[in-house]
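Taken in order, these protein sequences are the chains called A and B.
According to the numbering used here, the first sequence holds residues 52 to 473 in order.
According to the numbering used here, the second sequence holds residues 156 to 332 in order.
For the record, the hints were derived by calculation from the structure and aren't laboratory data.
No residue lacks a Cβ here, since even glycine has one placed at the ideal position from N, Cα and C.
Check before you lean on any hint, since a few could be wrong.
Stated by the list, open to error - Cβ pair distances, simulated, as ranges: (1) A:R75 to B:I193: 19 to 29 angstroms; (2) A:G379 to B:K232: 41 to 51 angstroms; (3) B:D323 to A:G379: 48 to 58 angstroms; (4) A:A250 to B:E192: 20 to 30 angstroms.
This is what each chain is made of:
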Amino acid sequence: MRKNGSPVSSDRDPVAGNGLLDRRLFLSAGAAALGSALPSKAEELPIEPWMKLPGSPFVGYGQPSKFESKVARTFASLPGTTGTGAARTPHHLLDGMITPNGVHFERSHSGIPDINPDTHRLLIHGLVKRPLIFTLESLERYPRESCIAFLECGGNGQLLYQKEPAPVGVQAIHGLVSCAEWTGVKLSVLLQEAGVDSAAKWILAEGADAAGMSRSIPLAKAMDDALIALYQNGERVRPSNGYPMRLLLPGYEGNMNVKWLRRIKLTEGPMMTKDETSKYTITLPDGKSLQFVFPQEGKSVITQPSPGLTLKGSGLYEISGLAWSGYGKITEVEVSADGGKSWAPAALQPPVLSKALTRFRIPWRWNGLPAVLQSRATDESGYVQPTREKMIAARGTRTIYHSNAITTWAVSDKGEVKHVYA
Amino acid sequence: MSMRSALLIAGSILATTSAIAFAAESPNLGRVATPEEIAAWDISIGPDGVGLPPGGGTPRQGEAVYAARCVACHAEKGAGKPNDQLVGGQGSLPGDRPPVKTVGSFWPYATTVFDYVRRAMPYNESKSLSNDELYAVVAYILNLNGIIADNDTMDEQTLPKVKMPNRDGFVTFSRGK
Numbered sequence: 052m053r054k055n056g057s058p059v060s061s062d063r064d065p066v067a068g069n070g071l072l073d074r075r076l077f078l079s080a081g082a083a084a085l086g087s088a089l090p091s092k093a094e095e096l097p098i099e100p101w102m103k104l105p106g107s108p109f110v111g112y113g114q115p116s117k118f119e120s121k122v123a124r125t126f127a128s129l130p131g132t133t134g135t136g137a138a139r140t141p142h143h144l145l146d147g148m149i150t151p152n153g154v155h156f157e158r159s160h161s162g163i164p165d166i167n168p169d170t171h172r173l174l175i176h177g178l179v180k181r182p183l184i185f186t187l188e189s190l191e192r193y194p195r196e197s198c199i200a201f202l203e204c205g206g207n208g209q210l211l212y213q214k215e216p217a218p219v220g221v222q223a224i225h226g227l228v229s230c231a232e233w234t235g236v237k238l239s240v241l242l243q244e245a246g247v248d249s250a251a252k253w254i255l256a257e258g259a260d261a262a263g264m265s266r267s268i269p270l271a272k273a274m275d276d277a278l279i280a281l282y283q284n285g286e287r288v289r290p291s292n293g294y295p296m297r298l299l300l301p302g303y304e305g306n307m308n309v310k311w312l313r314r315i316k317l318t319e320g321p322m323m324t325k326d327e328t329s330k331y332t333i334t335l336p337d338g339k340s341l342q343f344v345f346p347q348e349g350k351s352v353i354t355q356p357s358p359g360l361t362l363k364g365s366g367l368y369e370i371s372g373l374a375w376s377g378y379g380k381i382t383e384v385e386v387s388a389d390g391g392k393s394w395a396p397a398a399l400q401p402p403v404l405s406k407a408l409t410r411f412r413i414p415w416r417w418n419g420l421p422a423v424l425q426s427r428a429t430d431e432s433g434y435v436q437p438t439r440e441k442m443i444a445a446r447g448t449r450t451i452y453h454s455n456a457i458t459t460w461a462v463s464d465k466g467e468v469k470h471v472y473a
Numbered sequence: 156m157s158m159r160s161a162l163l164i165a166g167s168i169l170a171t172t173s174a175i176a177f178a179a180e181s182p183n184l185g186r187v188a189t190p191e192e193i194a195a196w197d198i199s200i201g202p203d204g205v206g207l208p209p210g211g212g213t214p215r216q217g218e219a220v221y222a223a224r225c226v227a228c229h230a231e232k233g234a235g236k237p238n239d240q241l242v243g244g245q246g247s248l249p250g251d252r253p254p255v256k257t258v259g260s261f262w263p264y265a266t267t268v269f270d271y272v273r274r275a276m277p278y279n280e281s282k283s284l285s286n287d288e289l290y291a292v293v294a295y296i297l298n299l300n301g302i303i304a305d306n307d308t309m310d311e312q313t314l315p316k317v318k319m320p321n322r323d324g325f326v327t328f329s330r331g332k
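Assemble the whole structure, with the sequences as input and the hints as a guide.
Now the structure itself:
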């Protein structure tokens, strides 16, 4: 969130209700006028110690500034465990489209295994001509590809199914999505080497964690864009994200992107594992449950401003957020400052990639009165993110999965931001 | 042979040759796994029961396993708390009150219970139950849910035949429907 307190020239008319401005405003020639200096009290510019004395020595692996310690995941573990549950990304304190590795979200079912990469093995078997075992060293010699992709837990956004709006912010509601550049070996290359039997239609992917997390995945996805990811944003995949190797299925719900991947079995049908039957299925009002809901639907959320970030006085701000879809590229994000009565298109920040987080931005002149902020994404399939009312009309409230409704932030006249339903 | 069919055959030979050439370009650094190696790791069980190991157990035998290894997290008779409830909730999936999803009310396949308990339970020492203990404790949970009788034995033949109450409660998702 940027603030620029100068008065706005009168020819900068809002493009939607409650002060939303043209998305190109900050780029236009007139933008300079917006940035004219405030008349301010004189302040002696300090000569600080770090301007005069040598700084600290080199370190082998860098850390963020000590002043940024609040940029951290929040997490909760199941009773009696310390690493089983989820840790959430602080999107309100980040910008851009890439999530730093140290705050990428985590979901683990039996803690984070301490895997020795030298003894780790990947077994590919089942309906193949030659079952194969790969070491990490052998996979390192394969041609590698990169894919910038979001990962989102199928349970992200579940608080929106609650009857009353949870008094929390973007990290608690939408912190189970992150985006990274994943680099590794195409799964299809390994499957072709093993020789896929024509009877195979699914694969079972299994982790080396103590829960042996396992999911069935259509073979078509495995042969399309599935990656055995070895690197995450340029460094080895973090232990919490599957070191030394994880499955990456761009666009598919996080749970299927099996971490600590140790085994792939080709099968005729799905194995009906715990996490594709008793979990990650969407129970509808009539009691039936939707199964095999794989891609994450089109979705967006405003990250700045959002709860915890208080506006400091009326004037010009940039509203910014994230949009994504498991069905391809984001084609449009609209923003409303009047609770959905009127909408203005936001600028999409390049690069806009398929199945990746997309950063959107729009200037907003806040008049200091209560405002209601929303964002609404459209993806390249033409799908438009639904209101919460519409999502619940279709799905009911008997599930916690695949929530992608519009999130609403209310700004008070004091500049405080609260999660509300609109 | 007509020129046309000769060309077709030549074409298909070329295609085959190039496919072989393509495969040969792949690094091929995997080592062929032996059946013994695969057996040690292949713990997944399909809904048809394929993969179930030899062994068996009854609800009564399972009650002892449950008391020793499960009750601390799942409470007496699978009532739940601090962790998942395993028993009850049948009939709760539709309606206005929150659904109670347990093995008895929600899980569509008994084989999944065996697969999951074997791979992931008990939480602090997964893969530590014997096959007989696994069959027995699964039998106990199924019996508490009223799905099998007190004297039923669960084994590789009987477990896949168990019809779970919510077996037909799932619909494959299709976008836009």
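Each hint, compared with the structure:
For A:R75 and B:I193, the Cβ-Cβ distance of about 60 angstroms falls outside the hinted range of 19 to 29 angstroms, so the restraint is violated. Remark: the range hint 41 to 51 angstroms for A:G379 to B:K232 is upheld by a beta-carbon distance near 49 angstroms. In this structure the supplied range 48 to 58 angstroms is violated for B:D323 paired with A:G379, their Cβ-Cβ distance being about 34 angstroms. A C-beta distance of roughly 22 angstroms is found between A:A250 and B:E192, which places it inside the suggested range of 20 to 30 angstroms.
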